[in-house]
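A.B. asks: Now for the letters of each chain:
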Amino acid sequence: MIGARTIALLLVALGLLIVLPLLLSPNLLNAAIKMMIAALFALAFTLAMGQAGMLSFGHAAYYGLGAFAALHLMRAVEQKLFGFPTPLIPLAGALAGFVFGLAFGWFATQRTGVYFSMVTLALAELLFTLAPTWNSLFGGESGIATMRGPSWGMTFGSDEEVYYLTLGWFVLSAWCMWAFTRTPVGRLALALRDNEHRVRFLGFNTHVARTLIFAISCLFTGVAGALLAIANEAANYTIFSAQASANVVLQTFIGGAGTFFGPALGAAIMTFFARITSDLTRSWLLYQGLIFVLVMLFAPQGLGGLVDLHARRVRANGWKHLVAPYLLCLVVGVLLVAGLVFVVESIHVVLTDAYLAKRTAAKGEWVPYELFGRSFEPFSPLTWGIPIVLLALGGVLLPIARRITARAWLAATREEPGETHAPPVATDAAPADAAAAGQGARP
Amino acid sequence: MEYIVVSLLNGVVHGLLLFMVSAGLTLIFGMMGVLNFAHAWFYMLGAYVGFTLTRLGGFWLGLAFAPIVAGLAGVLVERYMLRRVHKFGHAHELLLTFGLAFIIEEVIKLFYGDALVSYQMPNYMRFAAFTIFETNYPFYRLFMGAVALAMFAVLYLLLTRTRVGIVVRAATYRPTTVEALGHNLPVVYMAVFAGGSALAGLAGAVAGAFYPTGPNMAVDFGTLVFVVVVIGGLGSVVGALIASLMIGLFISFSVGLNVSIADLFGLVGLGPWANDLGGLFTLQLSTIANSMPFLLMLLVLLIRPAGLMGDRQ
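Just so you know, the protein sequences line up as chains C and X, in that order.
So for the first sequence, this note's numbering puts the first residue at 113; every next one is plus one.
So for the second sequence, this note's numbering puts the first residue at -12; every next one is plus one.
There are no misleading hints in this set.
In silico DMTMM-like cross-links for lysine to aspartate or glutamate, where the CA-CA straight-line distance does not exceed 25 Å:
1) LYS192/C / GLU345/C
2) LYS74/X / ASP420/C
3) LYS470/C / ASP101/X
4) LYS96/X / ASP391/C
5) LYS96/X / ASP207/X
6) LYS192/C / ASP271/C
7) LYS146/C / GLU253/C
8) LYS146/C / GLU345/C
9) LYS470/C / GLU457/C
10) LYS192/C / GLU273/C
11) LYS475/C / ASP465/C
12) LYS74/X / GLU166/X
13) LYS470/C / GLU489/C
14) LYS74/X / GLU308/C
15) LYS146/C / ASP391/C
16) LYS475/C / GLU489/C
17) LYS96/X / GLU457/C
18) LYS146/C / ASP271/C
19) LYS432/C / ASP420/C
20) LYS146/C / GLU190/C
21) LYS96/X / ASP465/C
22) LYS96/X / GLU489/C
23) LYS146/C / GLU273/C
24) LYS74/X / ASP306/C
So the derived list for chain X, only partly shown, Cβ under 10 Å to chain C, looks like this:
25) LEU83
26) TYR99
27) GLY209
28) MET279
29) PRO292
None of these hints come from the bench; they were simulated from the model.
Glycine included, every Cβ here is placed at the ideal spot set by N, Cα and C.
Using the sequences provided together with the hints, build the complete structure.
C.D. replies: Structure representation (structure tokens):
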């Protein structure tokens, strides 16, 4: 079971989440809602992926179905067909997710491995291509919209109330999922992932078990979708896209599919990253792609895996070896990222039509361009010098930082005499760390 | 009659284009087992390389170098990225290539902007091959079909009639044995990946000159190429050709057919009842043409998971 320290940590986190709306601006509060929904989606996905090893590539289907179920219920309430308390609307999403999870899962789980992924992908793509033409159910290309009705003495007009509603459902769902992993069926999921043949020999009906686990994962996915519908009060067919399905897979793996809370962390961080950077730069997908690639290359266990590794391997007094090298890695990462961002954004500005128009106005002269609130001459040594110095410095320091960090890692995890020997230390610890900090972007 | 002939022609050409794009993935996904999500983005890369070189030195230069550039990109991706994550399993490969797809698309957008670029075939290729039912049929469509067929012939002969093909095919079944026999397996994999990417690049350079070349061209094919490979059977070039033609014909025929399930019920007198039900029953076949490939893929996966021509399960 979980130790007192973990419980205390979780309570502190929960307390922080409860007081958070008092500190945040409206824009950030909305981002926090989306982060929690993404985190719940990732947790639900991990139930199928991390626990039972089923790499579903079409989980957006159940997310979207949950959202549309919730929207239709909200519409019915709005039209006074019958009364239904707004806080309980995610139940509709849960029901839709579970029912379709059972039905679709029955087919999908007849296959394993890549074929399973392909069946789930096909089902989601079917919905994605059908939804825009199916007006009565999915509202065509524009989707359907509705309003949150007041109930239980709350109007649900403000983001604060939606935040607490989302938080409540997030905590409840996360606890249910965690509890599920402790049930016999939950343990069976782990066994299915590790060796399905043996489970079958033990007399279990593996197909039924896999369908059930898949459907439960879809149930919580439906809750997440319904929460999104409540927060946005609208949805359209793009919610079913392969992009959406892939996003949750990516977030889960960046967070670390092998840990319970890692995926939630990954989803929250990536949602926040997308939210912030998409306002700042048009190339944010490039940076996001770089992060995906670097995490996959250098930290394949994800952020949660890294945290877990440190918690397990680093001795109590080992941290004193690691602080300085990690700071060095951070500096290297910042240098490289700064250089890269400067290059990308400069190219971006120089190739825009607005800049071209300025040049035409100046009769083809290379006029200065604006970046980060400053003006740069396209051919001055300073403009070229900044990224060159940043990248060169980072490039020179990178191997040094890697070496130092690897050595420090050895020192920090050196076993006391008499301890049993664990698997050899990952030599990739240094770049893994750099990438984990989201800073390891190399040009 | 006109409808059938025109749909047939368009369907075959569209299917052949689909084959060009997915032929490389048949090798990569079918033989190496790598879920390369970025495959369609190599197609996009090829189109943009073709566009750039056409401006610099002519259409044929672009056609020659697009596969080379895409192939070299494939070498880098396989050698320095995929090989590192291979041991972690399918999901990691998929996600890595997903990140790569983002990077390729965004870098291209960075330099060429969000709008379509005007990548055109040379003027001497812009003529009607023949006239059918008062419609001029462009020669370039036939050219694309011919390239696809040539690609198929070369691939098929290479895989079935040469020593290289034997080694590659053996490596998909018994990698360790092939390695024990003294073949350099990492190089084989690298060559397969590079070859597959190069084919996608060539397809991009050829098709980009006819269809719009823009930032969305890869997304349209992103999942469709997987459909082709799965329906055809992993690693089967013949299967990929059949699957591509099937999908091409399916789409081109269903686009022009305004029938719905309710109409089918109408044949047995249940039409009004089905029309009343609405929803799925009254959807026109033409509007759900894009769902057809996925429906087909689902059926194949559930009935014959090895695919039409696949022999592995």
